[in-house]
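Undergrad: Listed below are the residues making up each chain.
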Amino acid sequence: MFELFSFGENGWGDEILDGVAITAQLAIATLPIGLFIGFIVAFAAMSKNKPLRAIGYGYTTLMRGLPEILTLFVVYNGAGLLLNTIIKWWNVDAQPIDFSPFIAGVIALAMVFGAFSAEVLRGAFNALDEGQVEAGRAVGMSPNVIFWRIKLPQIWRFALPGLGNLWINMLKDTSLVSIIALNDLMRMTKVAVAFTKQPFTFYLVACLIYWLMSLLSEIILAKMEQNANRGIMRV
Amino acid sequence: MDSLEIIIKYWPKLLDGTLMTLKLTFLSVLVAAIISPFLALTRANASPMVQAPLRLYISFIRGTPILAQLFLIYYGSGQFRPILQEWGLWSFFRDPFNCALLTFVLNTTAYQTEILRGGIMGVNRGEIEAGKALGMNKLRILQRIVFPHAYRIAWPALGNEIILMMKASALASVVTIFDILGRTRQIFSRTFDFSIYLWAAILYLCITAIFVLIWRQAELRLNKHIAPSDHLSADKK
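Quick note, the sequences are listed as chains A and B, same order.
Each residue of the first sequence is one higher than the one before, starting from 0 at the first, in numbering that gives the first Met the number 0.
Each residue of the second sequence is one higher than the one before, starting from 0 at the first, in numbering that gives the first Met the number 0.
Read the hints as simulated data drawn from the structure, not as lab findings.
All C-beta atoms in this analysis are idealised placements derived from N, C-alpha and C, irrespective of residue type, glycine included.
Check before you lean on any hint, since a few could be wrong.
As the list claims (entries may be wrong) - Some but not every residue of chain A turned toward chain B, in silico, with C-beta under 7 Å:
#: 1; residue: PHE4
#: 2; residue: ILE68
#: 3; residue: VAL73
#: 4; residue: GLY77
#: 5; residue: LEU80
#: 6; residue: LYS171
#: 7; residue: SER174
#: 8; residue: ALA205
#: 9; residue: TYR209
#: 10; residue: TRP210
Said to hold, decoys possible - Examples of chain B residues lying across from chain A (beta carbon under 10 Å, computed):
#: 11; residue: PHE25
#: 12; residue: GLY125
#: 13; residue: ARG184
Build out the structure end to end from the sequences listed, making use of the hints.
TA: Shown next, in the form of structure tokens:
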């Protein structure tokens, strides 16, 4: 039993750990891009410009209504097709290239994360106390300084619980990229299963690893929330 | 063959897939809706010892990807084939539809239980005491006071969960079930026409939109006696 998960020639420990590394890289690469999309879409949805607002709302509605795996297929197949069309147009004799599943995974996951986080961020912006912004203006802060000193720290505090949930969802959604042939935890488990013929054991281990990552995230997020809420009186 | 010809040729397959998606979603949500009230009551009232296994189950389901859960049941059952055959359960686990349904039921039951528990905890204690004062027994209090109120509180969140379940049902296509996404991938592999994915997206969006309308109508009916400015009409997200 332990030999199965040992490191080296006979065990699958190192392969599975490689998969965990890919899963973690995928999630960590997605987070900043997803947050960036989230901010852009949230700003668009709150803008005074009507078409821009429609785009912001349209984007969140669309992305939240589609299954994540469909988004992934659309990005993987669609972006691949698009890329090759452009290359063909550039140079007729060029060989078609394969679109990297890692990049497709990051783009698709970031698009989904962006849509959901835009809603969380919009809620956080709405929860801001207008009086504090006015106070900032009264002491002569520029709009830029008000954003960085007053708005952002509070948005962080309001949005953190929601963003934390989204992070855990996204971490779990990374398992979908195994379907488009990226060697993440899920995929490495599948490879191990094909060799050992012990599907339950290995998928259970994969589940336990994901579970561990989720629980670890929850603990860290709770600490971050505590930190963000320091100086706030509990009612 | 252009995109229009493809959709004209293949729309019966997509319709077939749509029915499969609806069937999977409806059945899993229905079974979970029957089980979850009991589990939610346990989660809200039972002693910590009784709750411990339930909490573990819910934490496991919420902490692991639904795809991993599906593989654990669908492929994992193969490891116990001799035992399952002995118990006459192998024919159940051999069928991908059953495995997908079982996974989705286990998954959405955990989420629905937590949502409903929140609803039960939100019921005003005074109302329960009023029921006791009127001489209602425990069952009657649950039936007349606790659950009607708990469902009103939980309704929007339950709707969100059903939409999430409908979206997650697309994963069934990975274990060879021909739902919307399964049919779409099949058609794409034959035609290499990308537009079929857009049709699939439209189908999923339509299902969500129609469901949201129905769910909101049902919410209005549930809350008929309460003013529309009540807390229930506030944003739930």
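Undergrad: Each hint should be assessed against the structure and marked as holding or not.
TA: Quick rundown of the hints versus the structure:
1. Given hint, PHE4/A at the interface with chain B, is violated; its Cβ is 16 Å from that chain's nearest Cβ, farther than 7 Å.
2. This hint holds: ILE68/A has a C-beta 5 Å from the nearest C-beta of chain B, less than the 7 Å allowed.
3. Nearest Cβ of chain B to the Cβ of VAL73/A: about 5 Å, under the 7 Å cut. The hint holds.
4. Using the Cβ-Cβ criterion of 7 Å, the hint placing GLY77/A at the interface with chain B is satisfied: the shortest such distance is roughly 6 Å.
5. For LEU80/A, the interface hint holds, since its Cβ comes within 7 Å of a Cβ in chain B; the closest pair sits about 6 Å apart.
6. Interface hint at LYS171/A: satisfied, since its Cβ lies 4 Å from the closest Cβ of chain B, which is below the 7 Å cut-off.
7. Below 7 Å, beta-carbon pairs count as interface contacts, and SER174/A has one with chain B at about 4 Å; its hint therefore holds.
8. A cut of 7 Å between beta carbons decides the hint on ALA205/A: the least distance to chain B is about 5 Å, and the hint holds.
9. Residue-level restraint check for TYR209/A holds (minimum Cβ-Cβ distance to chain B is 5 Å; threshold 7 Å).
10. A distance limit of 7 Å between C-beta atoms decides the matter here; for TRP210/A the minimum to chain B is near 4 Å, and the interface restraint holds.
11. Hint on PHE25/B is violated. Least Cβ distance to chain A is approximately 16 Å, over the 10 Å limit.
12. A distance limit of 10 Å between C-beta atoms decides the matter here; for GLY125/B the minimum to chain A is near 22 Å, and the interface restraint is violated.
13. The closest approach between the C-beta of ARG184/B and any C-beta of chain A is roughly 7 Å, which is under the 10 Å cut-off, so the hint is satisfied.
Hint check: violations occur at hints 1, 11, 12; the rest are consistent with the structure.
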